[in-house]
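**Q** Protein chains in written order, with the numbering used here: chain A, 1 to 352; chain B, 1001 to 1327; chain C, 2001 to 2666.
It is possible that some hints are incorrect.
[As the list claims (entries may be wrong)] Some chain A residues close to chain C (C-beta under 10 Å, calculated; not the full set): (1) E109; (2) Q125; (3) H126; (4) L129; (5) I145; (6) A190.
[To be verified] Using C-beta positions, here's what the derived DEER-type ranges look like: (7) B:G1095 with C:P2185: 35 to 41 Å; (8) C:L2031 with A:G30: 46 to 52 Å; (9) B:L1324 with C:P2185: 57 to 63 Å; (10) A:R221 with C:W2572: 55 to 61 Å; (11) C:A2043 with B:T1285: 42 to 48 Å; (12) C:L2411 with B:N1151: 32 to 38 Å; (13) A:P209 with C:S2496: 38 to 44 Å; (14) A:K32 with C:R2039: 40 to 46 Å; (15) C:L2411 with B:S1158: 19 to 25 Å; (16) B:S1158 with C:R2447: 47 to 53 Å; (17) A:K32 with C:G2059: 43 to 49 Å.
[What the hints assert, rightly or not] Derived lysine to any residue pairs resembling SDA-like cross-links, with alpha carbons at most 25 Å apart: (18) B:K1213 with C:W2429; (19) B:K1080 with C:D2064; (20) B:K1187 with C:G2426.
For the record, the hints were derived by calculation from the structure and aren't laboratory data.
Being a predicted model, the structure only gives us computed values, none of them experimental.
Built from N, CA and C at the ideal position, the CB exists for glycine as well.
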Amino acid sequence: MTVPSLTERTPLGTETPPILEVKGLWKVFGPKADRVVGTALGRTELKEQTGCVAAVRDVSFSVRRGEVFVVMGLSGSGKSTLVRCLTRLIEPTAGEILLDGDDVRKADEKRLRELRRHRMAMVFQHFGLLPHRCVLDNVVFGLEIRGVPKQDRYVRAREVVGLVGLTGFESSYPDQLSGGMQQRVGLARALAADPEVLLFDEPFSALDPLIRREMQNEVIRLHHEVGKTMIFITHDLSEALKLGDRILIMRDGELVQVGTPDEVVGAPADDYVRDFVSDVPRSHVLTLRWIMREALPDEPLDGPELGPDVVIRDAVHTVMSADRPVRVTQDGALLGVVTSAEILEVIAGGQS
Amino acid sequence: MTNSRSGKIRVLVLVAGMGLLLNACAGAKVGETAAPAAGGGSAKACGTLNLAINPWVGYEANAAVIGYVAEKNLGCKVVKKDLKEEVAWQGFSTGEVDAVVENWGHDDLKKKYIDDQKTAVSAGPTGNKGVIGWYVAPWMAEKYPDITDWNNLNKYASLFKTSESGGKGQLLDGDPSFVTNDEALVKNLKLDFKVVYAGSETALITAFRQSQKQQTPLIGYFYEPQWFLSELKLVKVNLPAYKDGCDADAAKVACDYPPYELDKIVSKKFADSGSPAYDLVKNFTWTNDDQNLVAKYITEDKMTAEEAAAKWVADNPDKVKAWLPKS
Amino acid sequence: MAPVVGAVTGVATRLRVRGLLILAVLAIWGLGWALLNGRDTLALGGAELTPLHSSLSEGMDAVDDSRNSNPFFLYFINYIRLFLDEAVTFVQALISQPSFGRPVPVLGWLGVTGLATAIALLYGNRKAALLTAAGLVSFGLLGLWQESMDTLALTLTAVVLSLAVGIPLGVWAGMSDRFHRLVTPVLDFMQTMPTFVYLAPLTLFFLIGPASATVATMIYAVPPAIRITAHGIRQVSPDTLEAGASLGATTAQSLRHVRLPMAKQTIIVGVNQTIMAALSMATIAALIDAPGLGKTVLKALQTLDVGTAFNAGLAIVIMAVVLDRVTSAASRRVEAERRAGRLLTPGRRRLQVAGVLGVTAVLGYLSYTYVWAAEFPAQANIGPVVRRAADAASVWVQDSLVGFTGAVKNLLTNGLLNPFESLLTGSPWWLVFAVAVAVALLVGNARAALATAAGLAVLVLLGLWQDSMVTLASTLVATILVMMLGVVVGVWMGRSDRADTVLRPVLDAGQTMPAFVYLVPILGLFGPTRFTAIIAAVVFAAPVAIKLVAEGIRRVSPTTVEAATSVGASTWQLISKVQLPMARSGMTLAASQGLIYVLSMVVVGGLVGAGALGYDVVAGFSQHQLRGKGLAAGLAIVVLGIVLDRVMRAATERADAAAHGGQPHK
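Start from the sequences, fold in the hints, and give me the full structure.
**A** In structure tokens, the structure reads:
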């Protein structure tokens, strides 16, 4: 199988400037943490020799404006620490975090607070709602602490409450709501501040599967409607594949792979990732680009046309019902062809 | 929420009802029946008398009578403060106590406040004679007549064994306010006894009461005048007689307790004030029988201290007259 | 008892080696005792002093003497005293003492009852309001209206000031680990140092009167306010705090909008505990002329008038129960309002408040104006009936049970207390020292052993080794009895709601009835002995232990109980194999609280024949030349409390670690 040149499935091109750039980020817990930065020791050796735990090790990535960027890893991989480092809820040990070119790590307390109030907002796994306040008062909380006049903040709060589908529940209290509804409140609270970047820390892992799917769709819908940049932490691969424009996979604090969902599934960086994605139905993730081949000289080239970024699953009907190879074209140029043989191989083969 | 309307109505009805009650109310108004404010013209001359009340009934009898006379005859404003001895004496130096009207010895306090600080002075004896010693319940004195001689105590030691005395006879000590030589006495008289601290007068009296009632043997530290003696006439055990100076060295003491002349102590400031109350305190003396009588009114007849004092004063006008300042 | 021992020393049985080691240590002790009995026991007679005691006395004298020259006293303390005096006098003028040239206080009984009921209704609920009204009227019926109001005035002033000091400090301790570490030992000290030790010196600083009584009360009542507030602030969910931080909340905003509102319910529990602590000082404060019911109790004690003491004690119990139920109801109301959404809209709530206050104002006016509403009618005085009944009951109990109780006393004293005590006091001090440190190491950890060594060394230095050992023996025996009662009654209460309903008021009474009230009857039954002191301690401490065990039993998950029942466990198996082991944390807490309560009764024990440290403290309060020794004895009690607490805590930690399969050595 050939690895095609990198092109994004998303409408965003590589040329979109990054809104957030992280360079060489470290977070070490333990005594004399800064001395540990740069270490090559493994987890257990490090613990034994220095008493420290490196939760994030030398992680670099950039997030483009409007992108949904997913950080995925098993529990203990450092993903939650990573996302907290971005707004310094946990103070990073080393590295740079540039938000629109400003170094977050250099911000003093006041600027940091401004940044948290206006530019980045977070949605938490356990919601973090104020139990003594009703839904509306929870949503206005962020605006209240940054000093928005009472009238204005309630207007804005009602707006976002409507946006996340909580209309009618404004005066309910958190413990009267289901988990899904509570997370909508958390979402509304984060949206109310109209931040540039929304951070999600495993927001749906405490919810049951049905609600989780509903909330995932809600995030997709919101992303379409408000177009925020989102950084989304999850341990659930299918969630990552479903939501992410790009996925960053972490293990033991280290970055293992960054790429689009089809890159991760189609070209795992190592056995760890391969193992991880082995159960994913490849036809749901891979695009035609991953299975097309060059046309044989004698093949008829008048079959239906499809783009290279069409997901295989969506191409099945066209390919299977065509009596000749389907052409994969981009901007009028022929990239390759796909026939039912290739499709069947993916669907039946699974691995390979 | 539905009952909030009825709640509102109820509130209105209540308010209305109260209003009616207000108008219809024919009760006496505060102030109309008020007792005349304490103190007439003579109150100025006397002012306030701050009496410490030490926690025993005999003391309270003294204080009740003095306070009653000061209030009725001299027009003083009497403020009684319930205090233990130590704290009461401190009050001399802080100016909050004018008089302590029954003092048992307390040479250490006398040294500190009278000799060193010079904030207190003696105001003479109360006339009461204090006796301290070892006592047994009457039934024991009857059954074992020779027990009242200390020489025979070892003979009866085994009678007094208790769970507390570790195989020896128990000698029950009482109120920690009293300085006792009992540990030294037991040792120096070579008695086969162990001192057990009952810890309070209450404990001591209860123990003697039960001793009589249940006919259980008990020997313990006690003293007179004490109201309990009029309920149960405890019998004193004779220790080697007291001679002057035989108790000079506390560790070597082997004689009975000295007889106490109970006295009155007043603050220097009070003594110099020229208040007629000072003269009253200074002149006050009465007998053990007088005190026991008032104490009996309080404990057995359940009178308040004021009632008891009023009764005694009414019955003894001559004695009272002698205490009053000659004017 | 067996399950308790099993739980507390669970590790010992689990790790056989450790158990054998402990046995070996105990065997060495026994042997050493047999061989060396009576040597190096560091005995000190009742009136004997060590140089340290004398110099402590002198130190206290020096402080006394500097009182009139030291600017610290002249300005700082003096102003505090003036403020406190004014505060108490003001409240007294409102509710208890003739004031403003009138022969009666501003508010008469009707006004106070109305106001208190209104507060209970507005902040608590209807049931609490009803109880409040009944409670207040009962003060009048007992013939103790004014005394009760004096006690209430003093208690409320002390509570308000304690909260004004305690809540801010508690918030600080909740936010700052360093301050928390700093303040905890101070609070331990304040709570275990016997009041008798500082009562007399206090009157030097704050003079005789309400100020001293208020300070004495506050010393005891502030610690729970600080501790529980700090706990409430600390237990606020970190998730919510993080959410606040992520939105850019400042520390102050996070405190105001997140921590305080979320800790509110816990803080009200703190208020409740502060009130109970303050009220428990009512009797002792009366020793320095604090007005109120405590005086009545002490006065009655002088003539052994059980009836009068009981009557006043009953009023104290009623006051405690009313205050407890109202604050509990207020705390539940916070919770309920949160859960159910606001029960009333602001408008309706305002109307309700206005209505209630209106009625109160009318009642207040009546009681200001008319004699019948100002002074509780004297005809309606059932006090004498209560007194006679209590007297009769006391006499009957003493006369008819004394044979039986005497036998029980002798059995337990000779069978349990005396052997244990003679082991502690008869062995050379260095042997007991070594054994204690070894045991602390084996059941706890190195830190506990270190604390034990340091604490015991202090006892030796204080010159009160033998007295401390006598007190320790009685304390441990009392704690064992408390835990036996705690487990038996606690399990019963935890399993039966009916038992709970019946027993709870009895337990409340046991906890709040001043010990002085029942001293005479128990003295009659058991004589002036250490056992009497143990009984007094058990009466006071068992209710806490029982409540905590019951709470633990009730918290065992019903699913687990169901599972055990479904495999056919008998009731006994259910209790011994499921409920008790699972309620272990509740029982540990019961044991440690029980111990603290027992220790706080050491001084009362000294009043009824326990001797040793309790008597030293009482004597120090009563005799000038013994005050240094009294102070030393107070310190020794504090040290005993701290050592026992540390060892017990370490043992619990080890047991927990072992139970969770962890390495107990870590």
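**Q** The structure should be examined with respect to each hint, and the outcome stated for every one.
**A** Status of the hints after comparison with the structure:
no., hint, verdict
1, E109, "holds, 9 Å"
2, Q125, "holds, 8 Å"
3, H126, "holds, 4 Å"
4, L129, "holds, 7 Å"
5, I145, "holds, 5 Å"
6, A190, "holds, 8 Å"
7, B:G1095 with C:P2185: 35 to 41 Å, "holds, 37 Å"
8, C:L2031 with A:G30: 46 to 52 Å, "holds, 49 Å"
9, B:L1324 with C:P2185: 57 to 63 Å, "holds, 59 Å"
10, A:R221 with C:W2572: 55 to 61 Å, "holds, 60 Å"
11, C:A2043 with B:T1285: 42 to 48 Å, "holds, 45 Å"
12, C:L2411 with B:N1151: 32 to 38 Å, "holds, 35 Å"
13, A:P209 with C:S2496: 38 to 44 Å, "holds, 42 Å"
14, A:K32 with C:R2039: 40 to 46 Å, "violated, 53 Å"
15, C:L2411 with B:S1158: 19 to 25 Å, "holds, 20 Å"
16, B:S1158 with C:R2447: 47 to 53 Å, "holds, 50 Å"
17, A:K32 with C:G2059: 43 to 49 Å, "holds, 46 Å"
18, B:K1213 with C:W2429, "violated, 42 Å"
19, B:K1080 with C:D2064, "holds, 24 Å"
20, B:K1187 with C:G2426, "holds, 20 Å"
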